[in-house]
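**Q** Chain order of the listed sequences is A and B. First residue of the first sequence? That's 1 in our numbering, and the numbers climb one at a time after it. First residue of the second sequence? That's 325 in our numbering, and the numbers climb one at a time after it.
Worth flagging that the hints you see were computed from the coordinates, not collected in a lab. Glycine included, every Cβ here is placed at the ideal spot set by N, Cα and C. Please note that the accuracy of each hint is not assured.
Said to hold, decoys possible - Selected chain B positions facing chain A (Cβ under 8 Å, derived; list incomplete):
#1 Arg365
#2 Gly374
#3 Glu413
#4 Asp416
#5 Asn517
#6 Gln529
Stated by the list, open to error - The calculated DSS-like cross-link candidates involving lysine-lysine, where the alpha carbons are at most 25 Å apart (straight line), are:
#7 B:Lys525 to A:Lys261
#8 A:Lys229 to B:Lys525
#9 B:Lys449 to B:Lys460
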Amino acid sequence: MIEDGGSVSDLKPVVGLDDVFGIRAKKMRQLQALLFQLFDEHGYQEVIPPLVERPESLMAGAGRFLSDQTLVFPDPAGAGLLAIRPDMTPQIARIAATRMQQEACLKLCYSGPVLQSRPHGHMDSRQQWQMGVEALGLSSDQADFEVIYLAALCMQQAGLQSPLLQIGHIGLLHALVEPTHIEDIADLLMRRSPDDFNSYCATHNLPENRRILLLDMIMGVADQTWLRKYQHTVNGDFAKASGDLIQLYDALNARLEGSVKILLDAALMPRFLYHSGVIFAGYAYGSAEVILHGGRYDDMMSAHGRSMAATGFSFDLWRWLDVQ
Amino acid sequence: MSTNSNDVLTIALSKGRILEETLPLLEHADILPVEDVFTTRKLMVDGPEGIRFLIIRAADVCTYVERGAADMGIVGRDLLLEWRPQVFEPLDLKIGACRLCVAGPEASVAQGKPEAGSRVRIATKYDYLAKQYYMKQSVQADIIHLYGSMELAPLVGMADRIFDVVSTGGTLRANGLVEEESLYEITSRLIVNPVSFAMKKGLIQPMIEHLREAVALRVAAEEK
Numbered sequence: 001m002i003e004d005g006g007s008v009s010d011l012k013p014v015v016g017l018d019d020v021f022g023i024r025a026k027k028m029r030q031l032q033a034l035l036f037q038l039f040d041e042h043g044y045q046e047v048i049p050p051l052v053e054r055p056e057s058l059m060a061g062a063g064r065f066l067s068d069q070t071l072v073f074p075d076p077a078g079a080g081l082l083a084i085r086p087d088m089t090p091q092i093a094r095i096a097a098t099r100m101q102q103e104a105c106l107k108l109c110y111s112g113p114v115l116q117s118r119p120h121g122h123m124d125s126r127q128q129w130q131m132g133v134e135a136l137g138l139s140s141d142q143a144d145f146e147v148i149y150l151a152a153l154c155m156q157q158a159g160l161q162s163p164l165l166q167i168g169h170i171g172l173l174h175a176l177v178e179p180t181h182i183e184d185i186a187d188l189l190m191r192r193s194p195d196d197f198n199s200y201c202a203t204h205n206l207p208e209n210r211r212i213l214l215l216d217m218i219m220g221v222a223d224q225t226w227l228r229k230y231q232h233t234v235n236g237d238f239a240k241a242s243g244d245l246i247q248l249y250d251a252l253n254a255r256l257e258g259s260v261k262i263l264l265d266a267a268l269m270p271r272f273l274y275h276s277g278v279i280f281a282g283y284a285y286g287s288a289e290v291i292l293h294g295g296r297y298d299d300m301m302s303a304h305g306r307s308m309a310a311t312g313f314s315f316d317l318w319r320w321l322d323v324q
Numbered sequence: 325m326s327t328n329s330n331d332v333l334t335i336a337l338s339k340g341r342i343l344e345e346t347l348p349l350l351e352h353a354d355i356l357p358v359e360d361v362f363t364t365r366k367l368m369v370d371g372p373e374g375i376r377f378l379i380i381r382a383a384d385v386c387t388y389v390e391r392g393a394a395d396m397g398i399v400g401r402d403l404l405l406e407w408r409p410q411v412f413e414p415l416d417l418k419i420g421a422c423r424l425c426v427a428g429p430e431a432s433v434a435q436g437k438p439e440a441g442s443r444v445r446i447a448t449k450y451d452y453l454a455k456q457y458y459m460k461q462s463v464q465a466d467i468i469h470l471y472g473s474m475e476l477a478p479l480v481g482m483a484d485r486i487f488d489v490v491s492t493g494g495t496l497r498a499n500g501l502v503e504e505e506s507l508y509e510i511t512s513r514l515i516v517n518p519v520s521f522a523m524k525k526g527l528i529q530p531m532i533e534h535l536r537e538a539v540a541l542r543v544a545a546e547e548k
């Protein structure tokens with residue numbers, strides 16, 4: 001029985017923001033140390049960006065894909081607005097484009113909390129602990145391979161069961177769809193609803209050959225065999241993106257030899273639509289959600305005023321702990 | 325960690341009328357539950373080897389699938405629109421057909437839709453969709469969340485309109501209500517957890533194709 005009486009403070013925790021202590025805090029720090037060591041062995045230096053930024057810095061090149069997740073408030077110490085980071089990658093892009101201009105290639109890693117003003121799912125926390133790496137200025141094919149290989153090593157190091165990495169390429173969608181339809185089609189690809197796609201096609205005019213390819217993607221059949229078959233049937237951009245993705249798939253399989261399963265899915269969509277090339281997502285047995293996100297974001301670098309290749313990945317340490 | 329293991333496929337089915345229409349589709353795909361789901365009191369029923377079924381309330385199916393406790397589920401489109409779960413929707417099963425409507429007392433509906441800027445009281449279990457709808461109409465909606473029998477709310481003067489699913493319209497007519505606007509065609513859909521889709525693709529993809537065939541056959545038979 002619970003005894004009545006005794007006063008509990010009225011100062012309640014904020015909804016969607018957990019406190020972490022005890023065993024969970026300890027395990028989180030252990031996992032963090034393990035992964036920092038792995039990043040260090042692969043030549044990544046740590047950067048510690050501030051918790052708040054100017055909203056423009058967080059949104060440059062990411063546009064409104066991040067803006068509706070960003071909590072903005074007036075700066076009490078000066079004019080203008082400040083924002084709490086909803087994602088770490090734009091901060092790394094800013095650092096690479098401003099404070100570290102003298103270095104042509106950068107391999108950076110980070111670990112820290114981010115706050116998303118609206119959780120993705122109904123059950124999600126608004127706070128995540130993002131830990132990840134960003135590889136900037138490295139030749140893009142090689143960097144894609146190295147970063148995804150490192151993601152696979154992290155999954156093994158963290159002791160995840162049946163780890164699986166799904167790879168895709170956002171360039172395939174851009175090659176198939178006019179810019180005005182991108183967001184609608186991306187939404188249909190995220191929900192994988194062929195029925196809704198057919199209704200959409202009834203009112204929007206898509207070229208027939210592209211409609212058929214998009215339908216295959218939505219139906220979940222766009223794997224490496226499918227991509228090899230259609231690689232040269234659309235346009236140069238589609239052929240280039242397909243070629244890069246197939247090459248990456250083969251190289252990862254050759255290196256990992258099944259220790260982390262690689263699944264090519266041309267319909268894979270990124271978490272935020274700021275990506276510009278290869279994208280990937282990590283899964284493991286026991287987690288109902290994606291535990292690792294990554295991909296190329298060269299366009300965001302240009303928006304920060306420094307044109308350079310950039311790719312990386314991050315994961316939410318809280319979510320990783322839940323599947324340990 | 326969920327107890328949904330890697331070599332078992334868990335399918336969440338909605339109790340009630342939808343279940344009756346679902347079973348023939350499952351039969352075609354050779355994945356019938358081994359027990360009579362209408363008489364058993366078990367909530368988890370085995371299917372053929374490697375498959376198990378959860379027999380749960382329709383409103384809970386999204387939750388089980390989104391959290392990965394079930395890999396797949398069958399649920400009305402109304403609940404998908406209202407709750408927007410992060411799931412794949414690979415197949416419209418074309419069962420449980422109805423529509424999501426706004427309805428009100430005959431005399432009131434005859435006077436036309438609420439004017440922009442006015443305030444109306446809406447009885448519904450679709451809080452999100454009702455709010456969105458009236459926001460677009462520039463009407464301020466006072467949402468009254470009810471769990472059932474929406475038609476009663478206007479009769480006792482508690483609400484001006486109801487926002488609910490209607491199949492035959494019999495209950496509306498019996499209570500002196502008429503449809504003001506029909507907003508969405510609703511049928512039941514197969515939903516899949518995106519992580520399950522990646523992790524168990526070899527099990528899930530063929531099952532979706534079998535069910536797709538079953539739906540096509542049923543639709544063809546009805547059209548004859």
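**Q** So, against the hints stated earlier in the document, which numbers end up violated here?
**A** 1, 2
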